[in-house]
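All chains should be built: construct the whole structure from the sequences, respecting the hints.
Order-wise, the sequence lines are chains A and B. If you count by the numbering used here, then the first sequence holds residues 37 to 442, one letter each, in order. If you count by the numbering used here, then the second sequence holds residues 37 to 442, one letter each, in order.
To be clear, the hints were calculated from the coordinates, so they are not data collected in a lab. No experiment lies behind these values; they were computed from the predicted model shown. Honestly, I wouldn't trust all of these hints.
Put simply, identical chains are the same to the list, so a pair is met inside one copy or across any two.
With a straight-line cut-off of 30 Å between C-alpha atoms, the simulated DSBU-like cross-links for lysine-lysine are [to be verified]:
| id | residue 1 | residue 2 |
| --- | --- | --- |
| 1 | K442 | K280 |
| 2 | K424 | K200 |
| 3 | K94 | K129 |
| 4 | K354 | K125 |
| 5 | K258 | K153 |
Here's the letter readout for the chains.
Number of protein chains: 2
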Amino acid sequence: MSKGLIVQKFGGSSVADVKRIQNVAQRVISYRKKGYDLVVVVSALGDTTDELISLANKINPHPSEREMDMLLSTGEQISVALLAMAIHKLGYKAISFTGAQVGIITDTSHTRARIIKINTDKIKEELKKGKIVIVAGFQGITLNQDITTLGRGGSDLTAVALAKELDAQICQIYTDVEGIYTTDPRIEPKARKLKSITYDEMLEMASLGAQVMQARSIEVAKKFDVNIEVRSSFSQKRGTMITKEAKIMEEVVVRGVTLSKNEAKITICDVPDRPGIAAKIFKELSGGGINVDMIVQNVSHTRKTDISFTVNKNDVDKTMPIVRQTSKMIGAGEVLEDSDIARVSIVGVGMKSHPGVAAKMFEALAKEKINIEMISTSDISISCIIKKKFAETAVRAIHEKFGLGK
Amino acid sequence: MSKGLIVQKFGGSSVADVKRIQNVAQRVISYRKKGYDLVVVVSALGDTTDELISLANKINPHPSEREMDMLLSTGEQISVALLAMAIHKLGYKAISFTGAQVGIITDTSHTRARIIKINTDKIKEELKKGKIVIVAGFQGITLNQDITTLGRGGSDLTAVALAKELDAQICQIYTDVEGIYTTDPRIEPKARKLKSITYDEMLEMASLGAQVMQARSIEVAKKFDVNIEVRSSFSQKRGTMITKEAKIMEEVVVRGVTLSKNEAKITICDVPDRPGIAAKIFKELSGGGINVDMIVQNVSHTRKTDISFTVNKNDVDKTMPIVRQTSKMIGAGEVLEDSDIARVSIVGVGMKSHPGVAAKMFEALAKEKINIEMISTSDISISCIIKKKFAETAVRAIHEKFGLGK
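Quick look at the structure:
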């Protein structure tokens, strides 16, 4: 009798070469031996996706998104076939499927498609035959039979969606780190692995720079209450559980510290302080397809004010001309750009009910004589923009201040 | 108005790198500009297929054929996407399809599947929209949605089958040589490109060592009377037409000289000259999955005789134990193996009605003092097995003797 179903997802670094693929095969089989049914989702080998993108760009700097999906989906197809062969070699039954074969139906938004529905009949049929079912991550197919991909990190989404549809006990996300840490261990060696974290905290950490899991897949997991474990494919240690309510949550105020260096700060000086001006600026930017993140407007004592906001560094070149034109239009002044910044954030659902968390964070920075250029808060996070050179010092100071290493 | 439909097939060497893919795009578009509708079949880039096979063998020396097809079919999928991007870049409409998407339905014989039917609706629909339709060669899908491949050179078959189903005016096979030659120009610089050749001659040449086109696809072309042109993707010159009846066929006795070094000769000595003995030997071999080619048995004056036959070199290790055992069983003697041989053949439908062709060939060899070890003839070909070191000399001598360079 089956002990139940587990969905396992292995990222590109977990299947980067022959030895690692064999390692994954052994891992999968170890769960089979324990009596579990298994659906395994795999990403493309190592840097395959990046290599294919670079090849495409050499041929056409603006490739058709449909053809891009046709191209990129081959990466995962290679992985699933090789993993099936590796499992066969060890004497176990396995069968691989593309997203199309398994019936992962998406909308037609190529390169960032959304899953509409999953037809799990084929998977269930093969599970019944005692096979380990291996599914290509990151991809689906439209009702018109066009191949689509789900965007960066889309294999996480494939795994979570399959776990939901198949009513799996758990969705294990295997990666090259051992779980979710209180902060990046490469910056702060005292960083501690968390036993559990809530969907909301994980979402916040993902959007604030922790790159362990794709944000959309966490949203889906939250929506359908799919239990996730993030763990390493190179170790046997337990990872971090992502669930609705983390245990002993009440006692924890701050769950972790994140750092992002991918943003640039744009400042529009001397903006006339009239109703509707801010709306005008950000409407122009959104019309230009630019995602604006933190926005800070100083309280105005004169008739003019400064408005600052952050955008992804890659969008600066698109952003500046739009902002300069808008500035002229609304009678504002100079537009300044600063890419030499970092965002340090703390995340924790407990901070809602604990006053003084922000003050404690600012104290930690003040003690290191780090100037705060912008501040932004949400229900469960506080972010500070500081000079980039202070980034690591700031992370360590805050990590220490909240006692996260203990 | 469309001038009609052309199916073009480009092999792996024609799309080996970015520059060559762009070159193919230009070639395709040049026909579009002339007013033709185009269906383009592409193989995997350069050595991709071999690289994938080697990767698979590292993981599992005996990979499942279903998974092998899953793996290998990615090669052509990459090619079609990249070619579509290259055509888009030049401002023309194009769309790529996998074998599955285009409805190339095959049987379930993985790695050597046979096409059952092709659903051309999708292709016709896209052609109507003015698009160049690009189809992944070498692959299909079973009715159960498993991906299959058509065996080595299978892209030729895809192209010929599509040309038949779509009633194309011509099927152009683009390769790295300019057409079919009277013999291999690397051996005999005087070799001459043929303007035309019959299906039967081409079939014979393919099976005797000319590696320009897959034999099965020529059979299909013959069966359905699909006109083929073999030509180079690196030159603008006209290639060789393969048709039912080559022009001025009557005047030509010998069409070409082929050379194969892929065979080994096996000799069973002192075989009792009794009815049924030869049958026994070759039944054992066919049971062992070994394809036997030329068979020669000397006329027996005593009660014992020698039987020689050739097999593919790669099959020698499998063949020898079977033959040794059979030899013992039937009371024959020693079994000899000789891989140091070559097969030189002449091909031509005209030789049926021209006596003396064989004698002329043997004279050419005799003049060079080349000993003939085995002889085999068919309706339209004569083959001689000789020592490998004389192979090139033999080809040149025969080519000269029949005046093929003129």
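field: Indices of hints not satisfied (ascending)
entry: Result: hint 2 breaks, nothing else.
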